[in-house]
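*Asks:* Listed below, chain by chain, are the residues.
Protein chains: 2
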Amino acid sequence: MPRKIALVGVGKIAVDQHIPALNASSEWELSAAVSRNTVVDGVPNFTDMDEMLKAHPEVEVVSLCMPPVPRFAYAQAAIAAGRHVMLEKPPGATLSEVHTLADLATKAGLTLYATWHSREAAFVKAAKAWLVGKTIKSFTVTWHEDVRKWHPNQDWVFEAGGMGVFDPGINALSIVTEILPDPIHLKSSVLDFPENRDTPISAQLDFYHPHGGTVTADMNWDHSGDDVWQIEAVTDAGVLTLKNGGGVLLIDGVVQTGAEDGLSGEYPNLYANMARLVADAASDVDLRPMLHVSDALTLGKRNVVKAFDW
Amino acid sequence: MPRKIALVGVGKIAVDQHIPALNASSEWELSAAVSRNTVVDGVPNFTDMDEMLKAHPEVEVVSLCMPPVPRFAYAQAAIAAGRHVMLEKPPGATLSEVHTLADLATKAGLTLYATWHSREAAFVKAAKAWLVGKTIKSFTVTWHEDVRKWHPNQDWVFEAGGMGVFDPGINALSIVTEILPDPIHLKSSVLDFPENRDTPISAQLDFYHPHGGTVTADMNWDHSGDDVWQIEAVTDAGVLTLKNGGGVLLIDGVVQTGAEDGLSGEYPNLYANMARLVADAASDVDLRPMLHVSDALTLGKRNVVKAFDW
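If you read the sequences in order, they're chains A and B.
If you're matching positions, the first sequence starts at 1 in the UniProt record's numbering and goes up one per residue.
If you're matching positions, the second sequence starts at 1 in the UniProt record's numbering and goes up one per residue.
Derived from the structure by calculation, the hints contain no laboratory data.
Nothing here was measured: the structure is a model prediction, and the numbers come from that model.
Careful, some of the hints might be misleading.
Just so you know, same-sequence chains aren't split out, so a pair can sit in one copy or run between any two.
Below are the SDA-like pairs computed for lysine to any residue, each with C-alpha atoms no more than 20 Å apart in a straight line [said to hold, decoys possible]:
| no. | residue 1 | residue 2 |
| --- | --- | --- |
| 1 | Lys187 | Leu104 |
| 2 | Lys149 | Gly225 |
| 3 | Lys301 | Phe193 |
| 4 | Lys107 | His209 |
Please model the entire structure based on the sequences and the hints provided.
*Replies:* Spelled out as structure tokens, the structure:
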């Protein structure tokens, strides 16, 4: 029997990804939605999460899809009401609040899952497996996209806590921390802040690598043309290129096939992971991608660049 | 028999605090010093840590007192050489590197101690004990000092990674996270960056408190007059005022006495803690003060203010 789940915060990402993933899953039944602005067809809709939780005690899991700043209060209330919680990325506006949520979930015996959807792209597991045992010479992340295309008029992405270019950049860092066999930490970063915004629109990161590899990331949110979501690893035994955010893998320039067989997509995988975590009474809260973003904002040299308008 | 220890990075804090604390302790014997600029009387002096470690295999513990940015490489090398490590605050330039060090120390079976000297001030334990079971109405941190007095001409404190006003502010946060019974996280922060510096000279922090208390911090590094290092907690059962960075405690305006009896000072306490940790084969790496600083720099609204010169 499918587990009953409610979506809270029905914006673009919920409509584009969460609802189709849930509708296609035999493990889940979307049983309620909470949103101030949007109605989901075919399920009871609420504007207040507490009312939904009272009206639907059969809802075991709450999936939170609103922006990070308001998310803590919802997560805390859902845990207090005895529900398992799944968090869109990034898992919160602050590291401290996610630690608090993890402690609350542990004490309540509930599952908390801080999701990283990019880790579920088709070729991430294959890339991780290929890198095992190889010596990294260079590891180059290029993450360029157009914020106007992915977040049209969503001013919150540039507000304090919205993370700016690290909103997509944290996806790259979630893949990096998954596939790179060695622990890294930031050496230096340069951040470009539009003069009318609180968060950077581009970032250059330079990491320390324990075996002397060059590990860098070039993130840009003011990019025209096709999205570039690429990681290239030059090793002692060949070159790995992960393109399309993990959807395409090349080894020494040759496109790899097969690893994507049977995979159903990033968000279907996240919900399959959540079903397994709930069944196992486990949690998964890996904060490494967010730690690197915090480190970049802590260490960063700040340039002021021209104003950004939509 | 005292344990043999080496100091690495002999600057103002080592001369003012570490050396007197070690000289006064029967648990420790200062056996070597490493510094490019300073010579410590009465012990072998080196300019290179690796040479010191080779020449002094009897040195069990290395205490690192240099600024945070170069510290990781020394800590990693000391752990690789099988020595226990003690870190001045903040424990690193990035959160990620401290996680890496903690993992390395655990794997090597060595002690890592991320020290917070302000937690060892005379009345911090008494303040913590008094707050247990009380309801916080407001919790107000005021941390004002003159950077020209405490870090004369030390440009690194304003460089990326030097933390700016959070260099003293993290002392306040180390006390807050020790004595406040409830987990907090940042709601918002406002940071003032001098136009010629990479880190803030003042900061206003506003925290979420789980029971609705008002928790704020006002940090200023461009303060003339006496240092103000104060925490005031208004509770349902009276007012606690911790002054002088934890050295003086008032309850409802009445100066408390006695708690300081037998205490020997912040740095002697840190070294007593380290001796106990090594004896117990334990580590102590509490990153909460640094998490709050990273959160403040991640979430902060940035104002540009007038240039700072010494």
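*Asks:* Are the hints correct? Go through all of them and say.
*Replies:* The hints, checked one at a time:
no., hint, verdict
1, Lys187 with Leu104, "between (33 Å within a copy, 19 Å between copies)"
2, Lys149 with Gly225, "within (10 Å within a copy, 53 Å between copies)"
3, Lys301 with Phe193, "both (10 Å within a copy, 12 Å between copies)"
4, Lys107 with His209, "between (36 Å within a copy, 18 Å between copies)"
Hint compliance for this structure: no hint is broken.
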